[in-house]
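Chains as they are written, first to last, in our numbering: chain A, 1 to 292; chain B, 1001 to 1106; chain C, 2001 to 2286; chain D, 3001 to 3140.
Derived from the structure by calculation, the hints contain no laboratory data. As the structure is a prediction and not an experimental result, all values here were calculated from the model. Where a beta carbon is used, it is the ideal one built from N, C-alpha and C, also for glycine. Mixed in with the good hints, there may be bad ones.
Some chain B residues judged to face chain D by a derived CB distance under 7 Å, without partners named [to be verified]:
#1 Lys1044
#2 Leu1047
#3 Ile1057
#4 Gln1085
#5 Met1086
#6 Ile1097
#7 Ile1100
#8 Asp1101
Heads up, simulated DMTMM-like pairs for lysine to aspartate or glutamate below, C-alpha to C-alpha not over 25 Å straight-line [claimed, not checked]:
#9 C:Lys2231 - A:Glu259
#10 C:Lys2276 - A:Asp237
#11 B:Lys1074 - B:Glu1091
#12 B:Lys1074 - D:Asp3082
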Amino acid sequence: MFRIAVASGKGGTGKTFVAVNIFQSLIKSGLDAVLVDCDAEAPNAAAFFTKKLTGTIAVTQLVPVIDESKCVYCAKCHEYCNYNSIFILPPVKIIKVIVDLCHGCGACSVACNYGAISEKPDSLGTVSLFSEKDRVSIIESRMDIGVMSAVPVIKAAIKQIDPGTGIAILDSPPGTSCPFIETVATADFVILVTEPTPFGLSDLRQSVETLRSIDKPSGVIINRAGLGNNAVRDYVDRQEIPLLMEIPFSKKTAEIYSEGKILAGTDPAFAGSLVSMVQNIIKDHGNSSYKR
Amino acid sequence: MKVAITSTGNTPESELDQRFGRCECFVIYDTETNSIEFIPNPNKDALEGAGPASVQIVASRGVEKVISGEFGIKVKSLFDSLKIQMIVIKEPEKKIIEIIDMLNKQ
Amino acid sequence: MEIAVISGKGGTGKTSITASFATLGGDVVLADCDVDAANMYLLFNPVHDEESVFVSGHKAVIDYDLCTSCALCMNYCRFDAISEDRGRIVISEISCDGCFLCSRICPEKAITMVPDDKSRMYSGSFRKGRMVYGRLAPGEENSGKLVNAVREKAKQTAAQYGLETIIIDGPPGIGCPVISTISGVDRVVIVTEATRSALSDMERAVEVVRKFSIPAFVIINKFDLNESMSKEIEEWCAGNNVVVAGRLPFDRQITEAMIESKSINEYNPESETGKKLRVIWNKIVS
Amino acid sequence: MAPRPCRLRKVSKPPLISGLKPYGDKLKKENVSSIFLFIEEYEAIRLCDHEIMNHKQAANMMDVSRPTLTRIYTAARRKIADALVNGRQIIIEGGKIYFDSEWYQCSNCCCYFNNPGKMDGIKECPLCRSSEFTNVQQPE
Chain A
1 MFRIAVASGK
11 GGTGKTFVAV
21 NIFQSLIKSG
31 LDAVLVDCDA
41 EAPNAAAFFT
51 KKLTGTIAVT
61 QLVPVIDESK
71 CVYCAKCHEY
81 CNYNSIFILP
91 PVKIIKVIVD
101 LCHGCGACSV
111 ACNYGAISEK
121 PDSLGTVSLF
131 SEKDRVSIIE
141 SRMDIGVMSA
151 VPVIKAAIKQ
161 IDPGTGIAIL
171 DSPPGTSCPF
181 IETVATADFV
191 ILVTEPTPFG
201 LSDLRQSVET
211 LRSIDKPSGV
221 IINRAGLGNN
231 AVRDYVDRQE
241 IPLLMEIPFS
251 KKTAEIYSEG
261 KILAGTDPAF
271 AGSLVSMVQN
281 IIKDHGNSSY
291 KR
Chain B
1001 MKVAITSTGN
1011 TPESELDQRF
1021 GRCECFVIYD
1031 TETNSIEFIP
1041 NPNKDALEGA
1051 GPASVQIVAS
1061 RGVEKVISGE
1071 FGIKVKSLFD
1081 SLKIQMIVIK
1091 EPEKKIIEII
1101 DMLNKQ
Chain C
2001 MEIAVISGKG
2011 GTGKTSITAS
2021 FATLGGDVVL
2031 ADCDVDAANM
2041 YLLFNPVHDE
2051 ESVFVSGHKA
2061 VIDYDLCTSC
2071 ALCMNYCRFD
2081 AISEDRGRIV
2091 ISEISCDGCF
2101 LCSRICPEKA
2111 ITMVPDDKSR
2121 MYSGSFRKGR
2131 MVYGRLAPGE
2141 ENSGKLVNAV
2151 REKAKQTAAQ
2161 YGLETIIIDG
2171 PPGIGCPVIS
2181 TISGVDRVVI
2191 VTEATRSALS
2201 DMERAVEVVR
2211 KFSIPAFVII
2221 NKFDLNESMS
2231 KEIEEWCAGN
2241 NVVVAGRLPF
2251 DRQITEAMIE
2261 SKSINEYNPE
2271 SETGKKLRVI
2281 WNKIVS
Chain D
3001 MAPRPCRLRK
3011 VSKPPLISGL
3021 KPYGDKLKKE
3031 NVSSIFLFIE
3041 EYEAIRLCDH
3051 EIMNHKQAAN
3061 MMDVSRPTLT
3071 RIYTAARRKI
3081 ADALVNGRQI
3091 IIEGGKIYFD
3101 SEWYQCSNCC
3111 CYFNNPGKMD
3121 GIKECPLCRS
3131 SEFTNVQQPE
């Protein structure tokens, strides 16, 4: 299997647009592909397709439950907890777990010598599977509101990919923080989508530097080309990053996308160029076997 | 009765700290003995959960009232369950000594 | 007054709109809490006079002189951060959550926790007042904490310079950093655009803001790219008691202004967008 | 011996509605009296049947003993059943309760404060001892 992550430093550059169009084009040309929406904070790739929901997986973490009859109020669990999520007042024998702060690391149950701490699952989010002809084709991660980190939900979604699938397209979360790294670290190649504006350039630069630091091969797609200036092109040339494609800005494209429709569905030339782009990527990087 | 006040410094002339969990310093004032104790807040720079950890500090001193500029949701429910009264003063320039004077006034 | 500008989805024009507000607001403190992609400085070129280190957490590091490869830590780690590679225990910096458990249970005391101190916070002056912004090092967690640090600094700055308005450029999404951004502010502005995905993201953002019972205003940006979608957003807002503060057309001048490092209200205050933003700003602060 | 004063019950969320009305053709409007569901009874139903807590957890939330909670809960169900079967109107009001989020503002020194003791009412501002204060939702 070959995994391609579609990412962008900045939000709204058309990352999801590129991801769903690549996926659609691959499927249309008869290739075996799966789309994984790793943008767990705001997943919306699945909305472009009318696939059947065939399964959901609850993503949970284990949070402590304290048996007050066994607790001796030694406060060792509190000391072990690095997230301040155990509240204890030994003189008045009060102990509470503040679940909102818990990261589920399990340190408190290791700390307890009196068997007073057991654990129960607490919801972090869900992974939804959408299928077509009994084959999972879209995997969506969605985290619960107010949860600290999207990472466990993203991990769970990536785990759902059937290793027998030909190509996996990962729609990565925006930014360059943990959730982004988590997603791109599992990919064989990263497509960075940017736009030709100063904001786009600044974010692209940050993404490129991050990817270099973890040795990930990447290429750039400039979306809404013609809207801003040439600074992004100059940067890409200077840094010798492959420029995979330029998608010119058009109101028509924006309109099609805004309605939740896929451009590649009505524009065979565009679909064809996406497929050959992917095939070239696989040709060049196919042997960089993914290791974790 | 003991009262906790969040302070921006360790003198009676310091101003009230508007943050509870991340205040500079806690003042523990005893209305019976008139004693004042200053405790630097170790949770000031805590990554997460500064509020609950600070509740633990003041509650373990046996205070019955706590005075600050604002309390977070988690802090409120903890104080509620501990039956400690919360008092909110929305005047950042109020000095600790002025608050103590108010508490002493009959 | 503290005003936070957020958007469920990225790229809706949140930063450009925030920049206009900073122009319209007169002397302000501008806090860029979009710490993953702090871009505001590109528009306003602040001269920063203060830089501080931000410790975002801890990471476990193994001392191989002491490690006996017993793999105890590997069995305890809940974050899949520890693995064995040809007889050697390896900790992935990416996956480590900094919970300290491995360093506590290691029988050889071979694991130490080192602070992550690559992130920075800056404050300085710009042509419309003071500005505070953070920069999270790649792959760092805890952007919520950095958001808090930036907001705290902004409040201090406001008090120090006697400035009344704090405008916060918030992060996209609905996660922890967003919650840190809006908790305790006086107004929340949600910038959305006329697309299907932006609507679903906005719904989630509104849900979050609701939890804090703060007055929320929605701005529909680029409404003319899909007017029926824009209608749908307005209907949703009406049905859910959310105030639509205004609609802005798609305007190339926003990009042109950005290239010149200006907000639209500096670049062309009498443009349609500029005028509309002025009306919206007055609606929000009144 | 005087009867023991009843312990106040803690309510975390005030009810959204003030009651429910029955409808239907066979409804006899004249001689059907209303049911008064106390707010503490409403809260018990909310915690046990809506938040799906067990009686022990619900009792903790309402700051009463487990047997008391069960008593309140049973009374609440009886009343609701009566309303359903006999087509009575439900009015939610009354009861010996206090709201968890109850806050006051002093008219003299402008501070906000809550009343965690609850057993006895508030007589004066805890800061300046003024007896002038008003009930507010939450400090801003």
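Evaluated hints:
1. Lys1044: 23 Å, violated
2. Leu1047: 27 Å, violated
3. Ile1057: At 18 Å from the nearest chain D Cβ, Ile1057 of chain B fails the 7 Å test, so the hint is violated.
4. Gln1085: 5 Å, holds
5. Met1086: Holds. Min distance 5 Å.
6. Ile1097: 14 Å, violated
7. Ile1100: 11 Å, violated
8. Asp1101: At 10 Å from the nearest chain D Cβ, Asp1101 of chain B fails the 7 Å test, so the hint is violated.
9. C:Lys2231 - A:Glu259: At roughly 12 Å apart (the allowed maximum being 25 Å), Glu259 of chain A and Lys2231 of chain C satisfy the hint.
10. C:Lys2276 - A:Asp237: Distance of about 39 Å is beyond 25 Å: violated.
11. B:Lys1074 - B:Glu1091: 23 Å, holds
12. B:Lys1074 - D:Asp3082: 39 Å, violated
In summary, the structure is inconsistent with hints 1, 2, 3, 6, 7, 8, 10, 12 from the numbered list given earlier, while agreeing with the others.
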